[in-house]
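Enquirer: Let the hints inform the model, and build the full structure from the sequences given.
Protein chains: 2
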Amino acid sequence: MSKYKEIAKSIEEKIMNGLYDDTGKLPTEDVLIKEYQSSRNTIRNAINHLMRLGLVVSIQGSGVFLRKGDSEGAINLENFHGLTTQFKNKSVTTKVISFELKKANAKLVSKLKCDPETLIYYIKRLRYVDGDPYVVEYTYYNSEVIPGITHEVATTSIFAYIRKVLKLEIGYVDMIISADILSAEDAVLLGLEDGMPSLKTENVEMLRNGKIFACSVDVHHYRRTKFLKLSNYI
Amino acid sequence: MSKYKEIAKSIEEKIMNGLYDDTGKLPTEDVLIKEYQSSRNTIRNAINHLMRLGLVVSIQGSGVFLRKGDSEGAINLENFHGLTTQFKNKSVTTKVISFELKKANAKLVSKLKCDPETLIYYIKRLRYVDGDPYVVEYTYYNSEVIPGITHEVATTSIFAYIRKVLKLEIGYVDMIISADILSAEDAVLLGLEDGMPSLKTENVEMLRNGKIFACSVDVHHYRRTKFLKLSNYI
Chain F
3 MSKYKEIAKS IEEKIMNGLY DDTGKLPTED VLIKEYQSSR NTIRNAINHL MRLGLVVSIQ
63 GSGVFLRKGD SEGAINLENF HGLTTQFKNK SVTTKVISFE LKKANAKLVS KLKCDPETLI
123 YYIKRLRYVD GDPYVVEYTY YNSEVIPGIT HEVATTSIFA YIRKVLKLEI GYVDMIISAD
183 ILSAEDAVLL GLEDGMPSLK TENVEMLRNG KIFACSVDVH HYRRTKFLKL SNYI
Chain H
3 MSKYKEIAKS IEEKIMNGLY DDTGKLPTED VLIKEYQSSR NTIRNAINHL MRLGLVVSIQ
63 GSGVFLRKGD SEGAINLENF HGLTTQFKNK SVTTKVISFE LKKANAKLVS KLKCDPETLI
123 YYIKRLRYVD GDPYVVEYTY YNSEVIPGIT HEVATTSIFA YIRKVLKLEI GYVDMIISAD
183 ILSAEDAVLL GLEDGMPSLK TENVEMLRNG KIFACSVDVH HYRRTKFLKL SNYI
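Chains as they are written, first to last, in this note's numbering: chain F, 3 to 236; chain H, 3 to 236.
Rather than coming from a laboratory, the hints here were simulated on the basis of the structure.
Check before you lean on any hint, since a few could be wrong.
Identical chains blur together in the list; that is why a pair holds if it fits in one copy or across any two.
[Claimed, not checked] List of simulated lysine-lysine pairs, DSSO-like, C-alpha gap at most 27 Å:
| hint | residue 1 | residue 2 |
| --- | --- | --- |
| 1 | K213 | K27 |
| 2 | K16 | K213 |
| 3 | K115 | K27 |
| 4 | K109 | K27 |
Expert: Written as structure tokens, this is what we have:
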């Protein structure tokens, strides 16, 4: 990790721990330079990174303020690393609904840009946050890129398996967010009535080298999931 | 606009015009340095900016590739500057449903962080794309920050009025995205049946100096609006 990202990470932790809640702003550049024994440039890069993550805003002549908003419980799209990381202070549990290894269908061949003979893990999971159904995930992993997923791995964080066991680096995720009507089956899983809305995301996931390793459709409980997008036009 | 942003803008236009569709990638750094008569650093900053906008991905040792995805018609959350700009090749029209100037209610006092005596423009609009109802917007402007909005201004792009007439700079937007059930009234406006889903955004909008100038609730037609979020984990 580059120096400025390390510093940004450290400041992020302090923000999360409420260290700057009194003033609602970060220490001055000069104070941060001393604290982290870094150049002005590095501190500025760290602050720009925190701005991109939506954690602070820099107001000319006044300082760098914490950006909090009505974000409680919402998933910050700038800073999302899977449900397990998102809700680290809550209990995230997973029920594997179905788990199969079979050839890619035509739609997956196109989404995953793979050969029709490629074996794909078809995994359907229901994920709970603090015991409440949160999302039904339909995920399709290319087994040639992400080998060795077992039923047991699927009951925990597959992202953690990719990073920690396979030592692969996730590079890019393309996500399309929409609203839809729940299918009868997903309604039962989420404990909602038939015909209720869902907040849906369709994702294509790439490694750092650009290789597509998975695609997925996540069907969220519409009253439990919200996404937060913090934009900077500066 | 800084040099690297100008270059990024120019490359963005070339991408949009299909100039790189043959190869699916940008020219090499060396070619861009010559073309724009700029330093390597500036070109790298421009490419990093295009990465943040989700337009390209940089693959180690292979080059900088166009990032297209299944994004047709979806609103790129990294690069959204209002409907009029989003759909510049389509016809965006606006019907003002109601327009009032009155004191802030308790909810708005809290959202806009204003005094209860502050006069607020309460504007409800239905916006069409190519003649089809696209979104019902409930927007609340602080008249002390954004003065002089008329019924006529509200029939066009209020963002353009803020930028071009008032010469104010939009700095930050906090957006919460969720799915909900349409109200009977919004269903009629959007031409949907009662009880159908909506894709909803709740927004708080700030100027560059951090001052909140508006908040809004946008109720989108769930089959017409999709949001695209392109994440980089690199």
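Enquirer: It remains to establish, for every hint, whether it holds in the given structure.
Expert: Do the hints match the structure? See the list:
1. K213 to K27: between (40 Å within a copy, 15 Å between copies)
2. K16 to K213: So K16 and K213 pass the 27 Å test across copies only (25 Å; inside, 35 Å).
3. K115 to K27: between (46 Å within a copy, 18 Å between copies)
4. K109 to K27: between (49 Å within a copy, 25 Å between copies)
This entry satisfies every hint, going by the numbered hints stated previously.
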